[in-house]
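Turn these sequences into a full structure, and let the hints steer you where they fit.
Chain by chain, the residues run as shown.
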Amino acid sequence: GAVVSQHPSRVICKSGTSVKIECRSLDFQATTMFWYRQFPKQSLMLMATSNEGSKATYEQGVEKDKFLINHASLTLSTLTVTSAHPEDSSFYICSASGTGLNTEAFFGQGTRLTVV
Amino acid sequence: AQKVTQAQTEISVVEKEDVTLDCVYETRDTTYYLFWYKQPPSGELVFLIRRNSFDEQNEISGRYSWNFQKSTSSFNFTITASQVVDSAVYFCALRGFNKFYFGSGTKLNVKP
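Protein chains in written order, with our numbering: chain D, 1 to 116; chain A, 1001 to 1112.
Just to be clear, a hint being listed does not mean it is correct.
[What the hints assert, rightly or not] No farther apart than 35 Å at their CA atoms in a straight line, the calculated lysine-lysine pairs in the DSBU-like style are these:
| hint | chain 1 | residue 1 | chain 2 | residue 2 |
| --- | --- | --- | --- | --- |
| 1 | A | K1003 | D | K20 |
| 2 | A | K1038 | D | K55 |
| 3 | D | K66 | A | K1038 |
| 4 | D | K55 | A | K1016 |
| 5 | A | K1099 | D | K66 |
| 6 | A | K1070 | D | K66 |
| 7 | A | K1070 | A | K1099 |
| 8 | D | K55 | D | K20 |
| 9 | D | K41 | A | K1099 |
| 10 | A | K1016 | D | K41 |
| 11 | D | K64 | D | K14 |
| 12 | D | K20 | D | K66 |
[As the list claims (entries may be wrong)] Which residues of chain D face chain A? A partial, calculated answer using Cβ under 10 Å:
| hint | residue |
| --- | --- |
| 13 | T32 |
| 14 | F34 |
| 15 | Q42 |
| 16 | L44 |
| 17 | T49 |
| 18 | T82 |
| 19 | T103 |
| 20 | F106 |
| 21 | F107 |
| 22 | G108 |
| 23 | Q109 |
| 24 | G110 |
These are computed hints drawn from the structure, not numbers from a lab. As the structure is a computational prediction, the values presented were derived from the model and not from experiment. Ideal Cβ positions, reconstructed from N, Cα and C, are used throughout, including at glycine.
Following this line, the structure appears as C-alpha cells:
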C-alpha cells in the first residue's frame, strides 16, 4: 500500500507553545488529507478535511484558529496546534487519500502530543 | 445520516479460536465503500480491505474473511485460527463523500 509519513511520532511541549505536525504522502498524490484526534481507548475523531490548495473544512466543535491546517501541495499537509494546553494532549493521526469513493485512506504513524 | 456501529467493545479469545467482529452501518447513499482497518499497539492504522456497495461477494484473504450483507447493512470480519499477533483494535469505516466515518472500534485480545 501507499506510504504516509507523519512526523514527529512523539513530541512534548510546554504549555503556551505551538507544535507543528507534518504528514507526507511519499508515493502518491494525496488530493485529500484528513486529520484525526484519538483519545485513549476511543475511536478516531475527525478534526478536519483538507483538499490540496483549498482551505480546510473543520468539523463542528474544532477550533480552526487553534488547529491550523495547511495543505499546500499534493504530498504535504501540516497541522499546527497553537498555544497548546494540557487538554490538547492526545494522539493525532493524519491520513491521505486520492479522490473518489473507491480510494482508501492511508494513515500516518500518528503523533503522540504531550503538553506539560 | 452516516454512521458505523461496532457493538463489541472488547473480545478475548484463546489462540486458534475463530472470532467474528461485527460492523453495522447506516447510509442513505446508494454508492459507498466499506473498509476495515487494524490498529496495533504501535498506533498506526493498517488497511485491511475495501468493499464497494455493489459487490456483496464475500472475500477471503488467508485467515481473514469478510461477509458483506446489504440486507442487514452489515460488514462482518472473521479471523480464523486467531494468533497472538492479531491482538489489536479493529475499526470498520464507511466512506461517504470526501469523508470517512469510523466505528468505535473493537479491541481483540488473543491469548496464547
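How the hints compare with the structure:
A C-alpha spacing of about 31 Å is found between K1003(A) and K20(D), which places the hinted pair at or below 35 Å, so the restraint holds. This hinted pair checks out: K1038(A) and K55(D) have alpha carbons roughly 30 Å apart, not beyond 35 Å. Among the hinted pairs, K66(D) with K1038(A) is consistent with the structure: their alpha-carbon atoms are about 30 Å apart, no more than 35 Å. Distance hint between K55(D) and K1016(A) is unfulfilled; the C-alpha atoms sit about 49 Å from each other, more than 35 Å.
Of the supplied pair hints, the one linking K1099(A) and K66(D) holds, its CA atoms being roughly 22 Å apart against a limit of 35 Å. Restraint check for K1070(A) and K66(D): the C-alpha separation of about 41 Å exceeds 35 Å, so the hint is violated. Using a Cα cut-off of 35 Å, the hinted pair K1070(A) and K1099(A) holds, with the two alpha carbons roughly 20 Å apart. For a cut-off of 35 Å, the pair hint linking K55(D) to K20(D) stands: about 17 Å separates their Cα positions.
Restraint check: the Cα-Cα separation between K41(D) and K1099(A) comes to about 22 Å, which is no more than 35 Å; the hinted pair holds. Between the alpha carbons of K1016(A) and K41(D) the distance comes to roughly 25 Å, so the proposed pair stays at or under 35 Å and holds. For a cut-off of 35 Å, the pair hint linking K64(D) to K14(D) stands: about 21 Å separates their Cα positions. Annotation: proposed proximity of K20(D) to K66(D) holds, straight-line Cα distance about 12 Å (limit 35 Å).
The criterion of a C-beta within 10 Å of any C-beta in chain A is met by T32(D), whose closest approach is roughly 6 Å, and the hint holds. The interface hint given for F34(D) holds, since its Cβ lies 7 Å from the closest Cβ of chain A, which is under the 10 Å cut-off. A cut of 10 Å between beta carbons decides the hint on Q42(D): the least distance to chain A is about 7 Å, and the hint holds. With 10 Å as the threshold, the beta carbon of L44(D) comes within range of chain A, its nearest partner Cβ sitting at about 5 Å, so the hint holds.
The beta carbon of T49(D) comes within 6 Å of a beta carbon in chain A, closer than 10 Å, and the hint placing it at the interface holds. At about 24 Å, the closest approach between the beta carbon of T82(D) and any beta carbon in chain A exceeds 10 Å, and the interface hint on this residue is violated. At about 8 Å, the closest approach between the beta carbon of T103(D) and any beta carbon in chain A falls short of 10 Å, and the interface hint on this residue holds. With a cut of 10 Å, the hint placing F106(D) at the interface with chain A holds, because the nearest CB-to-CB distance is about 7 Å.
A least Cβ separation of about 4 Å between F107(D) and chain A falls short of the 10 Å threshold, and the interface hint therefore holds. Of the supplied interface hints, the one on G108(D) holds, with its beta-carbon coming within about 7 Å of a beta-carbon of chain A, less than 10 Å. Among the interface hints, the one on Q109(D) holds; its C-beta lies about 5 Å from the nearest C-beta in chain A, closer than the 10 Å criterion. Taken as an interface hint, G110(D) checks out: its beta carbon lies about 4 Å from the nearest beta carbon of chain A, inside 10 Å.
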